[in-house]
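K.L.:
Sequence:
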Amino acid sequence: MIFVEIPGRDNLNIKNVVFDYNGTVAEDGIMAYQTKENLKKISENLKVYIITADTYGNVKKQCEGLPVSIETFPKGNATFYKKSFVEKLGSGETMVIGNGMNDIEMFKVATLSIAVIGEEGCAGKLIVQSDIVVSSIEKVFSMIENTNRIVATLRD
Numbered sequence: 000m001i002f003v004e005i006p007g008r009d010n011l012n013i014k015n016v017v018f019d020y021n022g023t024v025a026e027d028g029i030m031a032y033q034t035k036e037n038l039k040k041i042s043e044n045l046k047v048y049i050i051t052a053d054t055y056g057n058v059k060k061q062c063e064g065l066p067v068s069i070e071t072f073p074k075g076n077a078t079f080y081k082k083s084f085v086e087k088l089g090s091g092e093t094m095v096i097g098n099g100m101n102d103i104e105m106f107k108v109a110t111l112s113i114a115v116i117g118e119e120g121c122a123g124k125l126i127v128q129s130d131i132v133v134s135s136i137e138k139v140f141s142m143i144e145n146t147n148r149i150v151a152t153l154r155d
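Following numbering that gives the first Met the number 0 from start to finish, the sequence shown increments by one per residue and tops out at 155.
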């Protein structure tokens with residue numbers, strides 16, 4: 000668990016982190032070595048979930064040996080599935096990371112949401128629903144490792 004005390008805002012007690020897969024932790028279905036290493040590192044303090052429709056059919060192979068739980072769902076109705084999954088985990092103790100239109104509803108219910116503008120871009124409507132917007136997945140891991148960056152961005 001990570002605890003973040005933010006002046007002028009409710010404190011964050013985060014137990015879970017849910018990552019969208021394609022466009023967020025993977026590019027064209029492939030996860031970079033450094034991303035895998037970072038997922039291992041944050042799993043020491045958080046339960047890590049990857050949620051995907053598995054467009055490329057390779058998420059299990061890409062995540063082999065990683066301390067993450069993979070949640071796949073049918074290609075239709077992704078928005079509803081992602082939101083329901085976050086609510087099931089406990090939205091008040093879950094942070095979410097994504098880049099697409101189908102991430103909007105889970106961003107609305109999570110305690111902390113971070114949009115990633117990576118190689119595949121980021122849906123403009125998602126940015127509006129985000130607590131924080133970053134330029135790469137590496138920046139997300141940096142914020143989790145150094146939570147003062149979250150405080151600096153969100154403080155009153």
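It should be emphasised that the hints constitute simulated quantities derived from the structure, not laboratory data. For each residue, glycine too, the CB sits at the ideal point set by N, CA and C. Hints are not guaranteed to be accurate.
[Said to hold, decoys possible] Here are the computed distance ranges between Cβ atoms for each label pair:
| id | residue 1 | residue 2 | range |
| --- | --- | --- | --- |
| 1 | Lys-14 | Leu-153 | 11 to 21 Å |
| 2 | Tyr-55 | Glu-4 | 35 to 45 Å |
| 3 | Ala-31 | Asp-9 | 32 to 42 Å |
| 4 | Gly-7 | Gln-33 | 26 to 36 Å |
| 5 | Gly-89 | Lys-39 | 35 to 45 Å |
| 6 | Glu-43 | Met-100 | 10 to 20 Å |
| 7 | Ile-126 | Lys-14 | 38 to 48 Å |
| 8 | Asp-155 | Glu-63 | 19 to 29 Å |
[To be verified] Dumping the calculated DSS-like pairs for lysine-lysine here, alpha-carbon to alpha-carbon at most 27 Å:
| id | residue 1 | residue 2 |
| --- | --- | --- |
| 9 | Lys-124 | Lys-40 |
| 10 | Lys-138 | Lys-107 |
| 11 | Lys-60 | Lys-124 |
| 12 | Lys-138 | Lys-14 |
| 13 | Lys-14 | Lys-40 |
| 14 | Lys-14 | Lys-107 |
| 15 | Lys-60 | Lys-40 |
| 16 | Lys-124 | Lys-74 |
| 17 | Lys-39 | Lys-124 |
| 18 | Lys-60 | Lys-39 |
| 19 | Lys-60 | Lys-35 |
| 20 | Lys-107 | Lys-60 |
| 21 | Lys-46 | Lys-107 |
K.L.:
Each hint needs a verdict: does it hold in this structure or not?
P.N.:
Each hint, compared with the structure:
1. Remark: the range hint 11 to 21 Å for Lys-14 to Leu-153 is upheld by a beta-carbon distance near 19 Å.
2. Our hint of 35 to 45 Å for Tyr-55 and Glu-4 holds, since their Cβ atoms are close to 40 Å apart.
3. At roughly 34 Å, the beta-carbon separation of Ala-31 and Asp-9 lies within the given 32 to 42 Å, and the hint holds.
4. Checked against the hint of 26 to 36 Å, the pair Gly-7 and Gln-33 passes, with Cβ atoms roughly 34 Å apart.
5. At roughly 23 Å, the beta-carbon separation of Gly-89 and Lys-39 lies outside the given 35 to 45 Å, and the hint is violated.
6. Hint check: Glu-43 to Met-100, Cβ distance near 32 Å, so the stated range 10 to 20 Å is violated.
7. At roughly 26 Å, the beta carbons of Ile-126 and Lys-14 sit outside the given window of 38 to 48 Å.
8. For the hinted restraint 19 to 29 Å between Asp-155 and Glu-63, the CB-CB distance of approximately 43 Å leaves it violated.
9. The straight-line distance between the Cα atoms of Lys-124 and Lys-40 is roughly 31 Å, outside the 27 Å bound, and the hint therefore fails.
10. The hinted pair formed by Lys-138 and Lys-107 meets the criterion: a straight-line CA distance of about 21 Å does not exceed 27 Å.
11. Taken as a hint, the Lys-60 and Lys-124 pair is broken in the structure, with Cα atoms around 31 Å apart against an allowance of 27 Å.
12. Between the alpha carbons of Lys-138 and Lys-14 the distance comes to roughly 19 Å, so the proposed pair stays at or under 27 Å and holds.
13. Distance restraint check for Lys-14 and Lys-40: the Cα-Cα separation of roughly 14 Å lies within the 27 Å cut-off, and the hinted pair is therefore satisfied.
14. Pair hint Lys-14 plus Lys-107 holds up; C-alpha atoms about 18 Å apart against a cutoff of 27 Å.
15. For the proposed pair Lys-60 and Lys-40, the alpha carbon gap of about 19 Å is at most 27 Å, so the pair holds.
16. Restraint check for Lys-124 and Lys-74: the C-alpha separation of about 21 Å stays at or below 27 Å, so the hint holds.
17. Pair hint Lys-39 plus Lys-124 does not hold up; C-alpha atoms about 30 Å apart against a cutoff of 27 Å.
18. The suggested pairing of Lys-60 with Lys-39 holds, with an alpha-carbon distance near 16 Å, which does not exceed 27 Å.
19. For the proposed pair Lys-60 and Lys-35, the alpha carbon gap of about 12 Å is at most 27 Å, so the pair holds.
20. Only pairs whose Cα atoms come within 27 Å are accepted, and Lys-107 paired with Lys-60 is rejected, the gap being roughly 30 Å.
21. Pair hint Lys-46 plus Lys-107 holds up; C-alpha atoms about 20 Å apart against a cutoff of 27 Å.
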